[in-house]
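Keeping their order, the protein sequence lines are chains P and Z. Taking numbering that gives the first Met the number 0, I'd label the letters of the first sequence as residues 0 to 312. Taking numbering that gives the first Met the number 0, I'd label the letters of the second sequence as residues 0 to 112.
One thing to keep in mind: the hints can contain errors.
Stated by the list, open to error - What follows is a set of in silico ranges between Cβ atoms, one per label pair, in the way DEER data are often shown:
id : chain 1 : residue 1 : chain 2 : residue 2 : range
1  : Z       : Thr1      : P       : Val208    : 23 to 33 Å
2  : P       : Gly269    : Z       : Thr1      : 17 to 27 Å
3  : P       : Leu194    : Z       : Leu84     : 39 to 49 Å
4  : Z       : Ala55     : P       : Ala244    : 27 to 37 Å
5  : Z       : Gly93     : P       : Ala65     : 20 to 30 Å
6  : Z       : Ala55     : P       : Asp2      : 19 to 29 Å
7  : P       : Ala252    : Z       : Leu84     : 45 to 55 Å
8  : P       : Ala89     : Z       : Leu84     : 49 to 59 Å
9  : Z       : Leu84     : P       : Arg243    : 23 to 33 Å
10 : Z       : Thr1      : P       : Asp168    : 14 to 24 Å
11 : P       : Ala100    : Z       : Thr1      : 17 to 27 Å
12 : Z       : Asp90     : P       : Val21     : 51 to 61 Å
13 : Z       : Gly93     : P       : Val266    : 23 to 33 Å
Stated by the list, open to error - Which bits of chain Z does chain P cover? Going by a derived footprint, with three or more residues having C-beta under 8 Å, they are:
id : segment
14 : 1 to 9
15 : 14 to 21
16 : 28 to 38
17 : 51 to 62
18 : 71 to 85
19 : 88 to 96
What the hints assert, rightly or not - Calculated Cβ distances over 10 Å to all of chain Z for the following chain P residues:
id : residue
20 : Val42
21 : Leu119
22 : Gly131
23 : Pro196
24 : Ala210
25 : Phe217
26 : Gly234
In case anyone wonders, no lab produced these hints; they're calculated from the structure. Ideal Cβ placement from N, Cα and C applies to all residues, glycine included.
Single-letter residue listing:
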Amino acid sequence: MNDVLNLVLAAVILGLAAWTIVAREAYAAVVGFIAYGLLLTLVWVQLHGVDVALTEAAIGGGLTGALLIGAAARLRSTEARARAERPGQATRWLAAAFSAAVTGALAVVVLLLPVPAPTLAPEVVAHIAVTGVGNPITAVLLAFRAMDTLLEAIVLLFALIGVWSLAPDRAWGGRPGLLQPVDPNGMLAYAARVLPPIGIVAGAYIFWVGADHPGGKFQGATLLAAMWLLVMMAGLADAPPTSRAWLRWLLVAGPLAFIGIGVVGAVHAGAFLAYPEGFAKPLILVIEFALMPTLTLILGLMLLGAPRRGETS
Amino acid sequence: MTAGTLFGLCAAALIGLGLFGLIVNPHPLRKILAFNVVGSGVFLLFGAIAYRGAGAGMGGDPVPQALLITGIVVAFSATALAVALLLRLFDETGSVTLASEPPAPAGKDPGAD
């Protein structure tokens, strides 16, 4: 039964990926990509990666999809011209041959993977008790490989700075996104009033439960960011001007707290980001709580894009 | 065939499909989409390898799975930056062509802000 489900999943995913590549309209391609991301979520569940599944659903399918669909709608007028620039038949055949060769080489690698497979799972099981958290993924993210997570938070921050620096001079420090005229009694405004309380509770739950079960700050922060975006899209609140000091402090608070705890570890536990004995769980909680608002804001603001209007408009 | 092998092969095909789209599609937004297909293929390949590393009571090796979460988030930030660049190019020039000599759109100097 499971084998049949897996085969069907793989076939549908390949079909949707092909649609994403060959579809004539970018909008249709993006819709295919969103469906593809949601089905990938099922694949992650089949591969026993529930934490990855949650991340894929929230960020890979959800946020990336929303970002691309907005871009596709704005760039619709440029598509006809791009079609005229399609490369010739020879280039297409060469590209197909090259892609097929890469796929073939990777397929050979997949079939020749070593048996038994190398794994770090026993190592994680042996040391997870020291961290005080019950979810092995959280233990890896915030204890065994905390450096990756710190750098990831910094990469997110730098990407947002990169997006903001694309603002035209007159909009620098202004509000991102466009103010859309929305019917205050419409369906969107209604959803933006009803959904956020539920979404915020769900986001906080996913965040909190991440210590011992699948979930965590990225998935929770994405849900909170989605609720924030919904309220802004419905016109119930406006995006904050990017020059606000409170906003900028909140954006750097998470990484700064993370680095601060890392330095404490360097002094008291002998290595950067090492936790003093017995303090692992509380310190992990402090990092998670500090990162949560930062991640929510960064993910939401990244979707809004560069500032495009002044502070007042 | 185990789920690991099946989805590993599926991932290899996804990477090939994405590469093809990346080369052949002239529209930058479609290139970003194709790049995301390549990216998810790479993630899926890594996930299949994590699945093979199941052991010690866990369904998959948690270390690659945690790295995957990091990877997905970083891929999103890279996509957001790429889309922002593209939209700025569109706002400036009214066109998003990657051709080496784009004809200047009428009435607008591409270099001016």
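Checklist entry - Falls inside 23 to 33 Å, the C-beta gap from Z/Thr1 to P/Val208? => result holds (30 Å)
Next on the checklist: Taking beta carbons only, do three or more residues of the segment 14 to 21 of chain Z come closer than 8 Å to chain P?
Outcome noted: Holds: 7 residues of the segment 14 to 21 of chain Z have a Cβ under 8 Å from chain P.
Item to check | Pairwise beta carbon distance, Z/Leu84 to P/Arg243, judged against the given window 23 to 33 Å | outcome: Taking Cβ atoms as reference, Z/Leu84 and P/Arg243 lie about 24 Å apart, which means the hint holds.
Item to check | Cβ separation of Z/Asp90 and P/Val21, checked against the hinted range 51 to 61 Å | outcome: violated (29 Å)
Item to check | 8 Å C-beta test of the segment 71 to 85 of chain Z against chain P, three or more residues | outcome: holds (count 14)
Next on the checklist: A cut-off of 10 Å on Cβ-Cβ distance, and P/Gly131 was said to be off the interface with chain Z. Does that hold?
Outcome noted: holds (16 Å)
Checklist entry - P/Gly269 and Z/Thr1, beta-carbon distance inside 17 to 27 Å? => result violated (42 Å)
Item to check | Stated coverage of the segment 1 to 9 of chain Z by chain P [criterion: 3+ residues, CB within 8 Å] | outcome: holds (count 8)
Checklist entry - For the pair P/Ala252 and Z/Leu84, does the Cβ-Cβ distance stay inside 45 to 55 Å? => result violated (27 Å)
Item to check | Interface exclusion of P/Phe217 relative to chain Z, criterion Cβ beyond 10 Å | outcome: Contrary to the label, P/Phe217 does not stay out of reach of chain Z, its closest Cβ about 6 Å off (not over 10 Å).
Next on the checklist: Quick check: does the Cβ-Cβ distance between Z/Ala55 and P/Asp2 fall within 19 to 29 Å?
Outcome noted: holds (25 Å)
Item to check | Given coverage of the segment 51 to 62 of chain Z by chain P, tested with a Cβ cutoff of 8 Å and a minimum of 3 residues | outcome: Held - the segment 51 to 62 of chain Z has 12 residues with a Cβ nearer than 8 Å to chain P, which meets the minimum of three.
Comparing the model with each earlier hint shows violations of hints 2, 3, 4, 7, 8, 10, 12, 13, 20, 21 and 25; every other hint is respected.
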